[in-house]
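Asker: Listed below are the residues making up each chain.
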Amino acid sequence: MSSSASVATKKRKASTPTGPVVTTVPEHTVEIVSDSGEGAQKCGQIFGAVSARMGNGAWTVELIPAEIQPPARSPAGASGNRIRIGTKPVTNWGDAANLVVAFNEQVLAARHRLDALHEDAIILVENMWATHDDEDIRREWVEVMEELSTTSYRIVEVPMEEQCLTITDNPRRGKNMFVLGLLSWIYERDVETVRDLIRLQFRKKAAVVAETNIALLDLGYQWAQEHLDFRINVPIEKPSTPMIVMNGNQTLAMGAIAAGMELCAMYPITPATSVSHYLGEIFEEFGGIVHQAEDEIAAAGVAIGSSYAGKVAFTVTSGPGLALKTEFIGLAVMVEVPLVVLDVQRGGPSTGLPTKVEQSDLLAALYAQPGDAPKVVLAPATIEECFHMVVTARRIAEAIRGVVIVLTDANLATGVQPFPRPNLDARWQAAPIDLSPVTEGVKPYDWDPELGLSRRFIPGQPGGMHTLTGLSHDELSKVAYDPESHERGCAMRSRKLAVLQQSLKPPEVYGDPEGDLLVVGWGSTKGAIEEAVDKARAEGLRVSTVQLRFLSPLEPGLKEIFARFRKVGTVEINYSDRLGDPYITVENRRMGQLAFLLRAHTLVDVDCWTRVPGQPLRPKGILEGIKTMLPGRPS
Amino acid sequence: MTTTQLPQLSAKDFGSDQEVRWCPGCGDYAILKAVQRTLADLGVRRENTVFVSGIGCASRFPYYVSTYGFHTIHGRAPALATGVKLANPELDVWVITGDGDGLSIGGNHMLHMLRRNVDLQIILFNNEVYGLTKGQYSPTSRRGFRSPSTPMGSIDNPIAPGAFALGVGARFVARSIDTLTPHLMGVLSRAHEHKGASFVEVFQNCVVFNDGAFAAFTEKGIAVEQQLHLEHGKPMLFGKERNRGIRLRPGSIVLEAVTLGENGVGMEDILVHDERDHAMAQLLVAMQPPQLPIALGVIHCDPAPTYEREALAQLGSTPVAELDLNALLRKGRTWTVPG
Ligand SMILES: Cc1ncc(C[n+]2csc(CCOP(=O)(O)OP(=O)(O)O)c2C)c(N)n1
Ligand code: SF4
Ligand SMILES: [Mg+2]
Numbered sequence: 112m113s114s115s116a117s118v119a120t121k122k123r124k125a126s127t128p129t130g131p132v133v134t135t136v137p138e139h140t141v142e143i144v145s146d147s148g149e150g151a152q153k154c155g156q157i158f159g160a161v162s163a164r165m166g167n168g169a170w171t172v173e174l175i176p177a178e179i180q181p182p183a184r185s186p187a188g189a190s191g192n193r194i195r196i197g198t199k200p201v202t203n204w205g206d207a208a209n210l211v212v213a214f215n216e217q218v219l220a221a222r223h224r225l226d227a228l229h230e231d232a233i234i235l236v237e238n239m240w241a242t243h244d245d246e247d248i249r250r251e252w253v254e255v256m257e258e259l260s261t262t263s264y265r266i267v268e269v270p271m272e273e274q275c276l277t278i279t280d281n282p283r284r285g286k287n288m289f290v291l292g293l294l295s296w297i298y299e300r301d302v303e304t305v306r307d308l309i310r311l312q313f314r315k316k317a318a319v320v321a322e323t324n325i326a327l328l329d330l331g332y333q334w335a336q337e338h339l340d341f342r343i344n345v346p347i348e349k350p351s352t353p354m355i356v357m358n359g360n361q362t363l364a365m366g367a368i369a370a371g372m373e374l375c376a377m378y379p380i381t382p383a384t385s386v387s388h389y390l391g392e393i394f395e396e397f398g399g400i401v402h403q404a405e406d407e408i409a410a411a412g413v414a415i416g417s418s419y420a421g422k423v424a425f426t427v428t429s430g431p432g433l434a435l436k437t438e439f440i441g442l443a444v445m446v447e448v449p450l451v452v453l454d455v456q457r458g459g460p461s462t463g464l465p466t467k468v469e470q471s472d473l474l475a476a477l478y479a480q481p482g483d484a485p486k487v488v489l490a491p492a493t494i495e496e497c498f499h500m501v502v503t504a505r506r507i508a509e510a511i512r513g514v515v516i517v518l519t520d521a522n523l524a525t526g527v528q529p530f531p532r533p534n535l536d537a538r539w540q541a542a543p544i545d546l547s548p549v550t551e552g553v554k555p556y557d558w559d560p561e562l563g564l565s566r567r568f569i570p571g572q573p574g575g576m577h578t579l580t581g582l583s584h585d586e587l588s589k590v591a592y593d594p595e596s597h598e599r600g601c602a603m604r605s606r607k608l609a610v611l612q613q614s615l616k617p618p619e620v621y622g623d624p625e626g627d628l629l630v631v632g633w634g635s636t637k638g639a640i641e642e643a644v645d646k647a648r649a650e651g652l653r654v655s656t657v658q659l660r661f662l663s664p665l666e667p668g669l670k671e672i673f674a675r676f677r678k679v680g681t682v683e684i685n686y687s688d689r690l691g692d693p694y695i696t697v698e699n700r701r702m703g704q705l706a707f708l709l710r711a712h713t714l715v716d717v718d719c720w721t722r723v724p725g726q727p728l729r730p731k732g733i734l735e736g737i738k739t740m741l742p743g744r745p746s
Numbered sequence: 019m020t021t022t023q024l025p026q027l028s029a030k031d032f033g034s035d036q037e038v039r040w041c042p043g044c045g046d047y048a049i050l051k052a053v054q055r056t057l058a059d060l061g062v063r064r065e066n067t068v069f070v071s072g073i074g075c076a077s078r079f080p081y082y083v084s085t086y087g088f089h090t091i092h093g094r095a096p097a098l099a100t101g102v103k104l105a106n107p108e109l110d111v112w113v114i115t116g117d118g119d120g121l122s123i124g125g126n127h128m129l130h131m132l133r134r135n136v137d138l139q140i141i142l143f144n145n146e147v148y149g150l151t152k153g154q155y156s157p158t159s160r161r162g163f164r165s166p167s168t169p170m171g172s173i174d175n176p177i178a179p180g181a182f183a184l185g186v187g188a189r190f191v192a193r194s195i196d197t198l199t200p201h202l203m204g205v206l207s208r209a210h211e212h213k214g215a216s217f218v219e220v221f222q223n224c225v226v227f228n229d230g231a232f233a234a235f236t237e238k239g240i241a242v243e244q245q246l247h248l249e250h251g252k253p254m255l256f257g258k259e260r261n262r263g264i265r266l267r268p269g270s271i272v273l274e275a276v277t278l279g280e281n282g283v284g285m286e287d288i289l290v291h292d293e294r295d296h297a298m299a300q301l302l303v304a305m306q307p308p309q310l311p312i313a314l315g316v317i318h319c320d321p322a323p324t325y326e327r328e329a330l331a332q333l334g335s336t337p338v339a340e341l342d343l344n345a346l347l348r349k350g351r352t353w354t355v356p357g
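So the protein lines, in turn, are chains A and B.
Residue numbers for the first sequence follow my numbering, so the first one is 112 and each next one is one higher.
Residue numbers for the second sequence follow my numbering, so the first one is 19 and each next one is one higher.
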């Protein structure tokens, strides 16, 4: 095995007296891929966090294996992280990786086949497989190297295992830190910061664990210094305000804390669960309850019951769980008990793509309930917005005595991005509940006839005794089946959305306020869409975009904004039929979910370009979508 | 704490102004009366009392009491009630459910509420039928029960609510009959007194769809011979002459009804009721007339820590309202880039 080190050394003899060539770039995208369990994700997380902490813009995305227990060295098992760092803030995961570290050639091949690598990508690959005892493995290595020989990648073989063996008996558990060392040298990361993060990572383990990992880090750093002839410099522009680095689910949890949420009712479901894990950690210290219910139905019921009894509560789930909560959400709408539902969307239908991103719960969030169940639906577009949206959701839910569903997705959930550190504002928290006696004559639904708003009574409040009911009811909460009462109840519950809508500002258009195509997006696609629009505009195309945060009620002014463009089309991560496919006609074509909604609301002939790849959209792909939607071309 | 003298409320004060919409003769009326009288006797505060129900005839109950109430959705009252108790353990919560509501669509929630031992009272109105939806068989209907959905007779094995509750870890299981008012009131008081989930099954006659379902032990004349009224620490005697008793058949763990003085049976053979004896409770709850009398009263009572108390005990010492988010955003897994 010792020969492999010399192979790499000979091939890439680097330590020239002049030192490595440093390339300065405004941004760079790194991927670290391994079999699952080899720690590439940890390595990537720390690399992303260090980069952000040093002041680079950063966006990290987890690369999740297609299978839960994939065999070792299988393309399906490719697991890891993509980290895109830049001098400026980074808003999405980009198109292709510029540098890839692969723990074996099979996971490398997987990324290559997915077209994830830039044509000039630099590849650092573990080379123990080239000389492995197992003949099959050696053959597989050769096959992949042949496959890659037609590319213009620069492949650097690295004796990771052999190097790690000098420090640990279990290199499988240590390679990731060695790789972190390589990357730290290549990208000129502040090693002391990296060491700090490693210590923090292993703070609950024996001190020797952190020290071994740090030794591996240092080894990787040193090996890179001695053997590599290139370094990459992504200049740092220190942000002017303190920044904080979190993933979207952590951000949701922090938002829940900031909003004064005291109870989180949930049932474990990927990719939503970690919100409750982060919250649980915080609640160990600060009063608050994470209640793991027997299923998502019960979780909704517990949240509604808590809210009814005066605690600020929410429930968090993903698509299949949202489906189960349907009837309870309808009840909350009907009885006007405030409820916040966080839905971290994944691929559907059914169990679908459990770990992967999709934006396909929009219409379910809006319309899953039988009967008319008006509710507010919000979609944060960035990780930072995840924080503020929870606060907004809580405030709206209480102000309108209603249900607010916040739609995030797997991309935001696991993506990590720095954003300005929020300073807690007392107004974000709910006012303490008022249990003072109810004035005689005030009704349980004292609807303002214009606004539909009313004050609710909370059990424990003297004089407010009444029975809430999911049956149609009047102001006294008495069951009322007569036409007037039912019409009135429906109108009052619906009116609240109109009132809210009128308090909103029209969305901002990114790009010129007029042109040939307006791309409309919602949720996590914002960064990628805007990057694609920038590219399109650089090519001279008259394209702008607008990202919607309020899906129900829709933000005002859309019709006017749309009127200034020759065409409007949505970009979404959900399924729509494509014209040109067998049997698909303009008449029977099923549209993307936002497109469907916008067509209904604006009577504008909104087109759509949607994909369901199980991963975030890439700016390059969106640019193609923009070109297909541009008027005058076949779409 | 200052205590103010609250006005004594009567059973009538616990009635509401809503028109009661059960069929004339329905057992639900008697249960309503018993609950209202019990609430008055207990001197509970109306604003601190919440009746949470699912859907069914029984579940209309909250409309007819003057406390707080929540008529929720079919089968899910236990989940909602759990949330109420987690939010405010001081509230006195009653869950009202039917055999379909609580054991079919809501069986799972019932199971988890019981095993968690949420401190509330559950009254399950068992009429062995779906009343509200017009007479289909329910999970407690007996085999052979003919209904619109089982025209040739049910082939399902019925569930025994008490056995179910004991099986999933309920710490308080009691049973009574709709029209046995004083007995029912006693059971309800005990349920209220018990800290934890108190499960009370009430045999309730549905005059329209399952009239006489419990006649085998409620019919005048035979009732006294077919009902065993359990009392903690007292021998299990029944019958008009109180000369019949329950014993373990020698050499087995099978209960049998015996007559004092016959075949050498004496008082020393008769079992003495011990509410904490879980194994005995399982035998008692399974007794079926006519071979054995139906066991009524508090079958099992063995208090344990309640869910909401334990949840509150785990709470971090700082209330969320006082939490320093700014400090939180500067530690642990969150990094700050100095600006
Ligand atoms: C989701 C749902 N499914 C079905 C129904 C119809 N439904 C209402 S009550 C009921 C059965 C009630 O039976 P039980 O709980 O025994 O109450 P009872 O009417 O006998 O008191 C059914 C099936 C409903 N309301 N909701
Ligand atoms: S249908 Fe049966 S249970 Fe329902 S109200 Fe009538 S008698 Fe009572
Ligand atoms: Mg019934």
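Some hints could be false.
To be verified - Cut-off 30 Å, straight-line C-alpha distance, at most; resulting in silico cross-link-like pairs (DSS-like, lysine-lysine):
id, chain 1, residue 1, chain 2, residue 2
1, A, K589, B, K238
2, B, K252, A, K554
3, B, K30, B, K252
4, B, K252, A, K589
5, B, K252, B, K238
6, B, K30, A, K554
7, B, K30, A, K589
These are computed hints drawn from the structure, not numbers from a lab.
Asker: Work down the list of hints and note, for each, if the structure agrees.
Answerer: Quick rundown of the hints versus the structure:
{"no.": "1", "hint": "K589/A - K238/B", "verdict": "violated, 39 Å"}
{"no.": "2", "hint": "K252/B - K554/A", "verdict": "violated, 51 Å"}
{"no.": "3", "hint": "K30/B - K252/B", "verdict": "violated, 35 Å"}
{"no.": "4", "hint": "K252/B - K589/A", "verdict": "violated, 47 Å"}
{"no.": "5", "hint": "K252/B - K238/B", "verdict": "holds, 25 Å"}
{"no.": "6", "hint": "K30/B - K554/A", "verdict": "holds, 22 Å"}
{"no.": "7", "hint": "K30/B - K589/A", "verdict": "holds, 19 Å"}
The structure shown violates the earlier hints numbered 1, 2, 3, 4.
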